[in-house]
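K.L.:
Spelled out, the chains give:
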Amino acid sequence: MLDDFFVRALVAGIGVALVAGPLGCFIIWRRLAYFGDTLAHAALLGVALSLLFEINITIAVFATSAVVAALMLLLQKRGGLSSDALLGLLSHSALALGLVCLAFLTQVRVDLMGLLFGDILAVSKLDIAIIYGGGAIILITLIWFWRQIFATTVNVELAEAEGMRPGRANIIFMMLMALVISISMKIVGVLLITALLIIPAASARHMARSPEQMAILAAILGIGAVIGGLSGSLAFDTPSGPSIVVAAACLFVFSLFASLLIRKWSKKHG
Amino acid sequence: MQNDPSILVELENAGIFRDGKWLVRGVSFSVKKGEIVTLVGPNGSGKSTSAKLALGILKPDEGTVLQRGNLCISYVPQKLVIDQTLPLSVERFMSLTITLKPEALDQALQMTGVAHLAKSQIQTLSGGEFQRVLLARAIARKPELLVLDEPVQGVDFNGEIALYELIVKIRDQLDCGIIMISHDLHVVMAATDSVICLNGHVCCRGTPKNVAESAEYRALFGERATSMLALYEHQHDHTHLPDGRVRHKDGSVTDHCHPDDGHHHGGDGHA
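Protein chains in written order, with the numbering used here: chain A, 8 to 277; chain B, 42 to 312.
Check the hints yourself; a few may be wrong.
[What the hints assert, rightly or not] Simulated restraints on C-beta separations:
id, chain 1, residue 1, chain 2, residue 2, range
1, A, Tyr41, B, Ser136, 23 to 33 Å
2, A, Trp153, B, Gln108, 20 to 30 Å
3, B, Ser161, A, Tyr41, 26 to 36 Å
4, B, Ser136, A, His99, 35 to 45 Å
5, A, Ala77, B, Pro83, 15 to 25 Å
6, A, Ser266, B, Val209, 42 to 52 Å
The hints are simulated quantities; they were obtained by calculation from the structure and are not laboratory data.
Positions of the beta carbon are idealized from the N, C-alpha and C atoms, including for glycine.
Whenever a hint applies, use it, and build me the whole structure from the sequences.
P.N.:
Structure (structure tokens):
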């Protein structure tokens, strides 16, 4: 079954959506959308480094994103510049550096479009193994530390006072972000990873009554976007990443109208 | 920690230095089991900062802060904003940092009078309602140390007194230590064992009555503070009825209470 490239892409995409949804909720709650972008842009630098030093691409991307996340935390602590200025600085420096490094690699042919927008043809069985292995680590860690990470999201000082160790929770969350980006890069591409993280979560917000509900709904909607997007990509020969994001955006619009209708209906009958 | 097991937290000459100045300095106090300590002082006097030192949120740049090991703490912060993007019901918020049995959750909400809001989304609550939910959440953890930073802001006056009475009741039930921050000493006086008056440093301390009568307190809060005290001194001669009216000691019932409306006995008895 996994011999068919489309099935492989579908399985891989669903694996990514499963973890991107719940993590995306935290990105929305913490207002970290731009931070996700920064890590994703750093991922391109990771790709360049992995080709330069001939190391595993997932590990290189994870390491680069993690370093950029740590750099961000350090610069934030030093103060002086606002967070959005710091993110702009890191994000575009990392992206530019990655592109420059790739240009130096004349002996390897690099599919830049595939890196930026994802490439369903390139999904191998090994990629699937990495996505599900990494995805399992992300989900288990997230569930294990859910209370700590969630309490930290609601209020850092309250979490600190009541023994939730927000410092540790934040580091764990950053590592999960870096990990999800390194495993999902191949499916949606560097430029659109943040979209896959936040659009399903944003759609889930309209329907959810609790944080846990929102996380599960985001995963389900993400899976829907992957199935719809990849089918569209196959039918119309469009790049996989943008197609998935377009499908996710359609789901968002749909959820918006659905929630409006439900609200109207419950007002009338409730 | 001077080997006294009843001391929950102890600040010894603690200070916080930020951006070239001391926010607070030389703050020393301790909280024992079953004791209510109130921090008062004008804006920017370091009340919240001192409380955060005691909570371990801030690490002292000078002096020491010692918490008893494995201390269960509940905190009601002065300001807590729940992001609009977060779908969060009162029920779910109650078990933010601890797993609660449904009975315990309901009981805590009952105590602060907001049990009917259990299913509501946090963002739909009014300021006073949210404050009651915050207090309920803190109580439900059954803490050994409870830190309340302006716990009754936004709560109407009758509710305010009821909540302070509730805080005393909680202290009696849980035998916990309480650090309370307030800017209106006159209301908390009946509900506190000792008062620490801050103004960047400990300006004076003692029993509520001693502090309110001290020259330092008057210098800090002005003459109005003493008239506030008069108001407090008279509070025990009337009762606030549930409908907002007031029953006086002589049995008469009025819509409001004023110190000069003839229902109150004595003058400035303490002066």
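K.L.:
Are any of the numbered hints broken by this structure? If so, which, sorted upward?
P.N.:
When the structure is compared with the hints, only number 5 turns out to be violated.
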